[in-house]
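Novice: If you want the building blocks of each chain, they are given just below.
Protein chains: 2
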Amino acid sequence: MLPEKPLAWGRTRSCIRDLAEYGWARKAEIGAERVFDFSIGNPSIPAPEGVNRAIAELIAEYDSITLHGYTTAAGLLSLRERIAADYLTRFSAVVDPERIYVTCGAAAALSISLHALLLPGDEVITFTPFFAEYRVFVEGAGGTLVAVPSRVDDLQIDGAALERALTERTKAVIVNSPNNPSGVVLSKESIQTLAEALRRHKAKTGHTVYLISDEPYRELVYDGVEVPCLLNAYDDTLICYSFSKSLSIPGERLGYIVVSSSMADGDDVYYGIMGAGRSLGYVNPPSLFQRVVERCIGQTSDIEQYRQNRDLLCAGLREIGYDFVEPQGAFYVFVRTLEPDAKAFSERAKKHELLLVPSDDFGCPGFVRLAYCVDADMIRRAMPAFRALMEEYR
Amino acid sequence: MLPEKPLAWGRTRSCIRDLAEYGWARKAEIGAERVFDFSIGNPSIPAPEGVNRAIAELIAEYDSITLHGYTTAAGLLSLRERIAADYLTRFSAVVDPERIYVTCGAAAALSISLHALLLPGDEVITFTPFFAEYRVFVEGAGGTLVAVPSRVDDLQIDGAALERALTERTKAVIVNSPNNPSGVVLSKESIQTLAEALRRHKAKTGHTVYLISDEPYRELVYDGVEVPCLLNAYDDTLICYSFSKSLSIPGERLGYIVVSSSMADGDDVYYGIMGAGRSLGYVNPPSLFQRVVERCIGQTSDIEQYRQNRDLLCAGLREIGYDFVEPQGAFYVFVRTLEPDAKAFSERAKKHELLLVPSDDFGCPGFVRLAYCVDADMIRRAMPAFRALMEEYR
Numbered sequence: 306m307l308p309e310k311p312l313a314w315g316r317t318r319s320c321i322r323d324l325a326e327y328g329w330a331r332k333a334e335i336g337a338e339r340v341f342d343f344s345i346g347n348p349s350i351p352a353p354e355g356v357n358r359a360i361a362e363l364i365a366e367y368d369s370i371t372l373h374g375y376t377t378a379a380g381l382l383s384l385r386e387r388i389a390a391d392y393l394t395r396f397s398a399v400v401d402p403e404r405i406y407v408t409c410g411a412a413a414a415l416s417i418s419l420h421a422l423l424l425p426g427d428e429v430i431t432f433t434p435f436f437a438e439y440r441v442f443v444e445g446a447g448g449t450l451v452a453v454p455s456r457v458d459d460l461q462i463d464g465a466a467l468e469r470a471l472t473e474r475t476k477a478v479i480v481n482s483p484n485n486p487s488g489v490v491l492s493k494e495s496i497q498t499l500a501e502a503l504r505r506h507k508a509k510t511g512h513t514v515y516l517i518s519d520e521p522y523r524e525l526v527y528d529g530v531e532v533p534c535l536l537n538a539y540d541d542t543l544i545c546y547s548f549s550k551s552l553s554i555p556g557e558r559l560g561y562i563v564v565s566s567s568m569a570d571g572d573d574v575y576y577g578i579m580g581a582g583r584s585l586g587y588v589n590p591p592s593l594f595q596r597v598v599e600r601c602i603g604q605t606s607d608i609e610q611y612r613q614n615r616d617l618l619c620a621g622l623r624e625i626g627y628d629f630v631e632p633q634g635a636f637y638v639f640v641r642t643l644e645p646d647a648k649a650f651s652e653r654a655k656k657h658e659l660l661l662v663p664s665d666d667f668g669c670p671g672f673v674r675l676a677y678c679v680d681a682d683m684i685r686r687a688m689p690a691f692r693a694l695m696e697e698y699r
Numbered sequence: 306m307l308p309e310k311p312l313a314w315g316r317t318r319s320c321i322r323d324l325a326e327y328g329w330a331r332k333a334e335i336g337a338e339r340v341f342d343f344s345i346g347n348p349s350i351p352a353p354e355g356v357n358r359a360i361a362e363l364i365a366e367y368d369s370i371t372l373h374g375y376t377t378a379a380g381l382l383s384l385r386e387r388i389a390a391d392y393l394t395r396f397s398a399v400v401d402p403e404r405i406y407v408t409c410g411a412a413a414a415l416s417i418s419l420h421a422l423l424l425p426g427d428e429v430i431t432f433t434p435f436f437a438e439y440r441v442f443v444e445g446a447g448g449t450l451v452a453v454p455s456r457v458d459d460l461q462i463d464g465a466a467l468e469r470a471l472t473e474r475t476k477a478v479i480v481n482s483p484n485n486p487s488g489v490v491l492s493k494e495s496i497q498t499l500a501e502a503l504r505r506h507k508a509k510t511g512h513t514v515y516l517i518s519d520e521p522y523r524e525l526v527y528d529g530v531e532v533p534c535l536l537n538a539y540d541d542t543l544i545c546y547s548f549s550k551s552l553s554i555p556g557e558r559l560g561y562i563v564v565s566s567s568m569a570d571g572d573d574v575y576y577g578i579m580g581a582g583r584s585l586g587y588v589n590p591p592s593l594f595q596r597v598v599e600r601c602i603g604q605t606s607d608i609e610q611y612r613q614n615r616d617l618l619c620a621g622l623r624e625i626g627y628d629f630v631e632p633q634g635a636f637y638v639f640v641r642t643l644e645p646d647a648k649a650f651s652e653r654a655k656k657h658e659l660l661l662v663p664s665d666d667f668g669c670p671g672f673v674r675l676a677y678c679v680d681a682d683m684i685r686r687a688m689p690a691f692r693a694l695m696e697e698y699r
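Protein chains in written order, with our numbering: chain A, 306 to 699; chain B, 306 to 699.
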């Protein structure tokens, strides 16, 4: 008798992965330039040159035993101090290096945080559309994911829907801004609505609801949009960050958790994170890349390319007549399907060699996700296919 | 209300870490050369030159997007094929690359395997003395650790004690050879005793007991001793391996799980491992180091230094009159204390500036662990202190 959930999570392949693999096969069949693959959210921009330069410097400067050796479980203090300094400079937020826990990326940060917080049966709220892995992380930590619909028109937080979803079992809320799959950045108004609802809930029930802010796309914003720092909006906040997108190093697995200095039981939460990380087998985050990131914080890949892609794709889709919420960040656009069944729409798009991810797993039917971390030329070549697809529905 | 176990695991510091930190403070106080620190099992030998050479080659050869990008969750197929080829050459064991799951080190391999196998309340047997983190990994996955005493004289498996410990709830057995903390290598006789007991248990109860072989020290053996490959001894075997010690890269977190090709429900176990890894937040093992390891498999650090240290330390201790089981591998020697209370003995040793880890957390009171991954000169300088400590008890 094996436990059922890991088996199910291991067996079910995400529809994103399915579509991507279909795409690889199709490209081999008819030629890569004829397939318009918007399926996968892989950074398409190289790491800043500083990354490989830092690697070369480090192997020259350091002795091997130190460079490739164990670090403290929470990550090098010098890196944590650098991260804390960054928060002070950029967000005027006071972060204690002793409340930073460096992780193997944002997925590890989320899983570890949830294992530190959740008792069996605890509920975790998130807003639609949401990154499908949240369900796996929450259930893996013994909780239940509760999906709260966002406002239909702008995908911002619906305060009334949130109030209805809060219960005595609500332990945490996960927000993701800029959002995967929609590219929407939470407005100040949304954040205020959220923070006030959670504070009212605490006043009424005595239960703290922890706010987990999943921010791998924080640096990928356009048009000068500001991503507000939630540490400044709500005391019981944990930030889960990843350098995957900002430094284009998703395979190297480097991120962190920040536990707010204003969290009343922050010491316990931090101890819980240390303990959860330990029991899940995270001994320390990869040592070479801790030092690489320490030298590269503040650098970003050339995200101007993503902005150009977004403008090109959105202008083209708009002209043809597609409907979507204008994305302000990340590298996704979430497009309304031309029939209610997103999977059927995605299948029909395939006939035009368009690979678009149906939105069902994001908890928000009736959309497809387009990842525009692609070659700009592919976007241009895809426009006639988008037009032909639209024609089919007229 | 936060869950208690992560909090406890985060709060309690291991006595090894405590002793090491005492050592750092003491060295600052009286000078590093006057403290004889045998506390921590950190590799003291640099990585083979091939490691940094491979890094330099890879950053020159590869484009950044590929080199630092996501890989499949199970790790690069080319690396898994290389690992499988290694098993065939070295152990005549047929391993399927599709049953290898590359991990962030052996700790991750163990935690993921246990999450894939254990139902709440399942029991996991291990033999004393054992690596103290096993308890945290097993309890973190919802199981209970059952410690079975090894034979007193040679620390090999006691077949009768094992038989008594097997129950209907036994889901797995963890073995660790060469052993941390004793350096003992399991004999062929021990392995046969173990395999036969588990096969008899299955015949009697119908329950499969999975054998998890934790092998981070596999390449650290001396005197031509052979570490038998358990895949050849028992069908329901999982190997959890780490390159931390063989390549001296413990901070980089690279290891793997092999699910035996002979395991009847091996496909399900492998799916469970994929699912557990996913839900615990292990997206993929660090990408650069997957390629580094692929190029460096078969190389080892210069372990001759560890052998020299072992011979020096064991000869010295023997001459003074200490009692221990001759270690054949790893970089530990497990020495009988001169009073029953190992903690009291360790405290008394401290007065001679000797830092020796008491064995209580290893489930085997009455010993201290000495890690000899140290400078050989320190071993020589420590001998008068060992002698003075012995004198106190005469």
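Do not rely on the hints blindly, as some may be mistaken.
One copy or two, it doesn't matter: identical chains are merged, so the pair holds either way.
Calculated cross-link-like contacts (lysine-lysine; reagent style DSS-like; alpha-carbon spacing at most 30 angstroms) [claimed, not checked]:
hint, residue 1, residue 2
1, LYS493, LYS310
2, LYS332, LYS507
3, LYS310, LYS507
4, LYS509, LYS310
5, LYS493, LYS655
6, LYS509, LYS648
7, LYS507, LYS655
Worth flagging that the hints you see were computed from the coordinates, not collected in a lab.
Novice: Work down the list of hints and note, for each, if the structure agrees.
Specialist: A quick look at each hint next to the structure:
{"no.": "1", "hint": "LYS493 x LYS310", "in the structure": "neither (38 angstroms within a copy, 37 angstroms between copies)"}
{"no.": "2", "hint": "LYS332 x LYS507", "in the structure": "neither (54 angstroms within a copy, 49 angstroms between copies)"}
{"no.": "3", "hint": "LYS310 x LYS507", "in the structure": "between (32 angstroms within a copy, 25 angstroms between copies)"}
{"no.": "4", "hint": "LYS509 x LYS310", "in the structure": "between (35 angstroms within a copy, 28 angstroms between copies)"}
{"no.": "5", "hint": "LYS493 x LYS655", "in the structure": "neither (38 angstroms within a copy, 58 angstroms between copies)"}
{"no.": "6", "hint": "LYS509 x LYS648", "in the structure": "neither (42 angstroms within a copy, 50 angstroms between copies)"}
{"no.": "7", "hint": "LYS507 x LYS655", "in the structure": "neither (48 angstroms within a copy, 50 angstroms between copies)"}
The structure does not agree with the numbered hints 1, 2, 5, 6, 7 stated previously, though it agrees with the rest.
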